[in-house]
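S.K.: Chain by chain, the residues run as shown.
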Amino acid sequence: MRKLQFMKIDILRAGGNKWLFLLFPLLAGFILLYEKEAQPLFAVLYSMFGAIIFSSTPFCLERRSNCGFLGMLPAKNGEQIAGHYLFSLLLTIYDLTAALLVITVSRIFRPISFPDTTLFLLIVGFVLLVIGIQNMVLSLVPAESSTNMLTLIRMVPGFAFYYCALSLANAVKKNPSFFSDIMKLITLPNCIIFFAVSLLLFFVLMEVSCRAAARRDAA
Amino acid sequence: MNLLEVKDITKQYKNFTLDHISFSIPAGYIMGYIGQNGAGKTTTLNIITQLIHAASGTVSIDGLSLDEDPIAYRDKIGYIGDSSYYPEELTLRQIKGILKDFYPSFQPEVFDQYQKKWNLPDQKKIKEFSRGMKVKLMFASVLSRDTRLLVLDEATNGLDPVMRKEILTLLQEYISDGKRSVLFSTHILEDLEQIADYIFFIEKGKKVLCDSKDELLESYLLVKGGPEDLTEPLKHSLIGLEVNSFGFEALLSSRDTIVPSKGLLTARPSIDQILLHMILERKR
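Residue numbers (our numbering), protein chains in the order written: chain V, 1 to 219; chain H, 1 to 284.
Do not rely on the hints blindly, as some may be mistaken.
To be verified - Pairs of lysine to any residue, SDA-like flavour, derived with a Cα cap of 20 Å:
{"hint": "1", "chain 1": "H", "residue 1": "K224", "chain 2": "H", "residue 2": "F246"}
{"hint": "2", "chain 1": "H", "residue 1": "K127", "chain 2": "V", "residue 2": "I11"}
{"hint": "3", "chain 1": "H", "residue 1": "K134", "chain 2": "H", "residue 2": "P108"}
{"hint": "4", "chain 1": "V", "residue 1": "K3", "chain 2": "H", "residue 2": "Y73"}
{"hint": "5", "chain 1": "H", "residue 1": "K134", "chain 2": "H", "residue 2": "V162"}
{"hint": "6", "chain 1": "H", "residue 1": "K100", "chain 2": "V", "residue 2": "L12"}
{"hint": "7", "chain 1": "V", "residue 1": "K76", "chain 2": "H", "residue 2": "F246"}
{"hint": "8", "chain 1": "V", "residue 1": "K8", "chain 2": "H", "residue 2": "F106"}
{"hint": "9", "chain 1": "H", "residue 1": "K224", "chain 2": "H", "residue 2": "N244"}
{"hint": "10", "chain 1": "V", "residue 1": "K8", "chain 2": "H", "residue 2": "L90"}
{"hint": "11", "chain 1": "V", "residue 1": "K8", "chain 2": "H", "residue 2": "Y85"}
Claimed, not checked - Facing chain H, from chain V, some residues (calculated, C-beta under 8 Å):
{"hint": "12", "residue": "R13"}
{"hint": "13", "residue": "G71"}
{"hint": "14", "residue": "M72"}
The hints are simulated quantities; they were obtained by calculation from the structure and are not laboratory data. Given the structure is predicted, the values throughout are model-derived calculations rather than measurements. Cβ coordinates follow ideal geometry from the N, Cα and C atoms, glycine included.
Just chain H, with the same shape it has in the complex (with noise of 0.2 Å):
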């Protein structure tokens, strides 16, 4: 079953549109949600987190869409920002009381458990939060509810990598019953090549991918070679061929039948590459 079903969504603002956006993810899985800057991908996001309001189609998470039940649907859903969303002036504390206030599956034990296990301060107010600890305050009040989705949008931007591998842990376990899904927007895309399991690639509001993360992997292959293994009909075939004066880099599909020859180098890619290579392609 799908837990997070976005059908024909669409936003218009003055330069930009988001057109036509579709994607589902099935419950225990992980989408990583990546493109450039100003592709869509908070615009996406904030959609789905209700945070802003969509000029056509659905979202629903688990079967709910925020019109059948507004309480229910805004529980489901955990979201992690790049930067705090807590209003700076209250402290840990106050927020805990919030959370309590609001949220019926939230369990205060749950969250003492993570404020003790990452030292978080009670009384301390959240602007005198360093990065990491604001980063962990969001992370626990989400893993303290009985969330169905999590949207990240850019969380582990900036964090060292012993967090952003603990991270990367926690979201693995936040999956593992089979019961909830990650959608995860982030520019380290080496994170998303170790626990994503689709990814879903927009540019200027459009959709350019959207597939299994091992079967885009196995889909191109790399291609390096000097400027005398370029052959018309190689280059017909390549994807997002760079040329500098020392050769050649781009993608090839794996598909082709055009065999590279013997000179060239080839190797199986990383996402950072296919997205790299999708964009110059793209701009050709």
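With the rest of the complex left out, here is chain V (with noise of 0.2 Å):
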């Protein structure tokens, strides 16, 4: 329960950039609007993209452990950075659901569809492993590390996400015979697996931030 709130305070606090958190979506409409070519995958992309960036704020909210009022509430230790994991799975789901409406909007001016579900789900649970990985390094890397080391860490695994996910999806395009083994691959039961996998391995990353806060907070 104390996860949530820690997960309501997070929100509270980064209510200030609720309008910056849709910045990727809308502009994914605009392209979508505008570039004849843009394909519908490509908004759930540049929103995800958005997301990964935006979901580790509360990380960078606050970097002192010593700040008083959060860290006073009564509360075992890792419960608030569980809630800051629940903050960007919130995020990611806010994210989606407006690349999804951008796409349903887009739908009335371009003869478009949505996103294949297997593309969907597959691109959903990297970024779920993404997202993961990236809190635990914020949450391990020492309170008094600079601004500049964390916007690195927060950029970082947003460009390489994007500029990856770009990149694989035009060598397929080119090449698709040399993937044609890998896309066998990439079923509906096999995505739902893989995002399944994604989603329980995102909770043993933040189960494990939150003993590894705990251990470094009792140091």
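Mind docking these for me? Both chains are given alone in their own frames, and the hints should help you get the complex.
M.R.: Shown next as structure tokens:
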């Protein structure tokens, strides 16, 4: 319950940025409307790029553990970290919903279809893994780390994800026969399993981060 | 019964060691925790509030340690620092919501009374609050919970005399039921003279003294005299001797058998003066 209450605090604190969190889905919407070649999956990728960058916001809002109010709230060590993870998950859902809304609106103006469910699950599964690892790194870096270092940890995974996803999509388009064996594995049941495992791993990473933070606090 | 029990706590930093600090505060009393900047006051308070962890030693509040029940332990403490510790982007209403969510003993109606009494705005962000308003908010949030120990770290610094007086009255009201205690660290020793029952003096991470305020004030005499009054036997008995071109000033233990000569001026020292001369004595 307290993990959810910490997530609520993160939502309150990040509240001033709620329009910023919609930046990437909205940009994707504009591109979908004005760029005739743009595919709906692009909107999902672009929104997920934003989700990776912004989901770690609570980790950067308060770096010093001895800041008082939040550190002294009656809770077990590590529950605040769990709240940050839950915030990340919520923001990912928020950006995904925004991306789907953008595609729905674009369909009024352009004859496009919704992204394939298998690819959709695959992307979201990867994003959950990236965010889980990114959050774990942020929870482990020392409180006194520089802002530049934190910015790097927040930005690099997002850009790497976006670049890799686009490069892979282009490579598949150019040379489908080369990827045919891999493509055979991308079936709906496999993607559902991959998504479920990613979600599970996200929570495992959350638990590991909470325990590591609790051990560090006790040292 | 001791409400706060600190036993043998230590903490090592690169250039500083908190060295086996022990003390206790009985329920219904106020302890002043004093020392120079960097003496280890905030480190001790942070260990008590569990913002940092001691390398060794134990702390218990009302017989309960953090390891036994971290939630109940934290619920028993109210902390007020020298600067606002609330997330600056939140409003008072949001802070109230968080307090309600986390603290089982939080009483919203009591919080509302303080908010009304001190004219604290509901929708303004904390970053727009004045220093006085931030201090009032910290007090409103801790006084509307059923805390047992109030920890103040330079909380009255930079406040106007009226507000300071109001806070001192609040602290006395807080302990009046004999079930709660206050640990008060401050540089404004005048405040402590008014309300403290015990004084703990820390210097370079080590305990210098821990005594009741009245006993401490009665233990010393402040002695002043001209250069000609500073005889060798007297010099050996003086504590924290400060000599200038006009004469000297020092402390003399009340138990000392030396009888000050007629030319000397003796007076009851303030805590400020005792502290100053003890620091001088340790530097010798």
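S.K.: Could you work out which earlier hints the structure fails to respect and list their numbers in ascending sequence?
M.R.: Going through the list in order, the structure violates hint 7 alone and respects the others.
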